[in-house]
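Colleague: Starting from the given sequences, assemble the full structure and let the hints guide the process.
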Amino acid sequence: MTKTIDSARLHLPEHQFDFLAGSPVVVHCHHFNLFWDQTMDDALGEEVGRRIRTHAAHKASYKFLRGLVDEVGATSPVERLRLASTIFSAMGHGKLHLAVGRSGGLVRGEQLHYGFGWCEKYGGRLSRSEPADAFATGFSAAATEVAYNLDPGSRRATEERCVVDGSAGCSIRVSGAEAEPILPLGVDPESAREVLPPSFDGMHEDQIAPIVSGLREFLGGVAGDDRGVIEAFGVLVTAHLADYYNHAANDVLDIIAEEKPAGVQAFRALLLEAGTACAFHTFGGVLASPEWEGLVGAPTGDPLEIVIGCVALARALGFGRWAIEEFEPDTRLVMTSPGTYESVFSRLISANAAEGPGGIFVGAGIGIMQLAHGVGWQPRASIDSELYLGLARSNPWVVTQESSFAAGDVLDRIVVTRR
Amino acid sequence: MRLAEGFARDVGCRADLLWRCDLVDGAQTAAWLELATAAGFSSVPGSSRLGVDVLEEPTSGHRIVAVLRTGRLQIRLDAMTPKTERVQQARELFERLRGLQTHSDRVPAEAR
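These protein sequence lines are chains A and B, in that order.
Under this note's numbering, the first residue of the first sequence is numbered 484, with each subsequent residue one higher.
Under this note's numbering, the first residue of the second sequence is numbered -19, with each subsequent residue one higher.
Calculated directly from the structure, the hints in this document are not laboratory data.
Nothing here was measured: the structure is a model prediction, and the numbers come from that model.
For glycine and all other residues, C-beta sits at the position ideal for the given N, C-alpha and C.
Treat the hints loosely; a few may be bogus.
Straight-line alpha carbon distances no greater than 16 Å define the calculated EDC-like cross-link-like pairs of lysine to aspartate or glutamate that follow [unchecked claim]:
id, chain 1, residue 1, chain 2, residue 2
1, B, Lys63, A, Glu603
2, A, Lys486, A, Asp553
3, A, Lys604, B, Asp(-4)
4, A, Lys486, A, Glu554
Only part of the chain A face toward chain B is listed, based on derived beta-carbon distances under 8 Å [to be verified]:
id, residue
5, Lys604
6, Phe701
7, Ser772
8, Glu774
Modeller: Structure representation (structure tokens):
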């Protein structure tokens, strides 16, 4: 290899997007990752959902790994497989032992993020027989193809064992059987720059900017440990391929739009819920963490302070340059962005851009208002599933997306008001 | 430089991995970290950021995140700790942290 992985990183400060080897990368925790996968399965059922998620991982990972081996100059199959395994762990997805030849082979997984995260979150309370590691599965197929210069989609991978059913470890079979060609499309820095409008400031930028700067400095030093696990802010964290989430949601949307058009709105509601859950658990969890207390101070409970913190977090995690256009405590929140990691994908890649999911930005509006007004931050906050469900049952907030970058508008804009 | 009595699951705790305790005097956090290091806890390289410092218990891999400005301590048990052992290991670690005392801590105030 002629270069290091670090040389493949790119940050677009104007729009708060991060790229690694030409693919957009965002930070999400295991709460959200499990919720997102469950959302896909809720829409189409476990079997189809798993197929879609694996396919999405395959497409996103092929584009990413192809870019990575080119970027760092990895030429031999051994080098490329080692690089794939290293980056997988560095991004907090666990450990993959890629014992694969040109025709395939067996991949052993340890502490794979989804399976391990599921056991941590639900193990002992729920039972599950369907394997959880669609991302690792699609990644393994792509790693094999890239290592041996094979066509994308020429290898197929299936998770044969997963810790969620009590197995001691995870194993993934890669083969050439029943493979189907794929188009490894995704967002890249050049196309993002071309399509994104100039950025703009919102309210309270003087308070948001230093928090973003501090968080980015912290996150810049975070990487998977020798087990491929990242623990930060008290949760299991991944640096994840944004194209994975977006391919999965768009592929589900395409199927629903074709087979059950009446179900599109219901799916959008599920994605909105995922956004609300992300804001509540991820943003809320970080706000209550020791790291936040050290950087900013423990939240006092002032609603404006919570909104500012959440917007700063969205930027630092690579979601896009969210901004506060208007905030009236207990009444109204207007957020804008020149584009989010979802809306840029929808605008550039999706066949159904007008219906583009955009769930995180929109749903987060409700989650942020719940954090600002429904959580008792002093003396100590309680950010847990019980509170989340309680707030969801009595939710007084409604969100409207007034502008959609994905649909061709000049920016993303949401308005959250009381019902 | 003592720990307060309170010891409970911390915010966001998943399956007994995160526990909270506090120094009685938050202004003493830096000195307490030195005390803990002298007692065998190792400072995690590169962890002193965002106003926090992180110590690791070498044999178990459990970590203690200390907020420098407030004295909040978060015990983060190693993620691989068996679920059935977590509460016990967290309590044992808390007791060990409570046992860290300077000479002045051990001498009654009226005798100083």
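Colleague: Taking each numbered hint in turn, which are not upheld by the structure, reported in ascending numerical order?
Modeller: none
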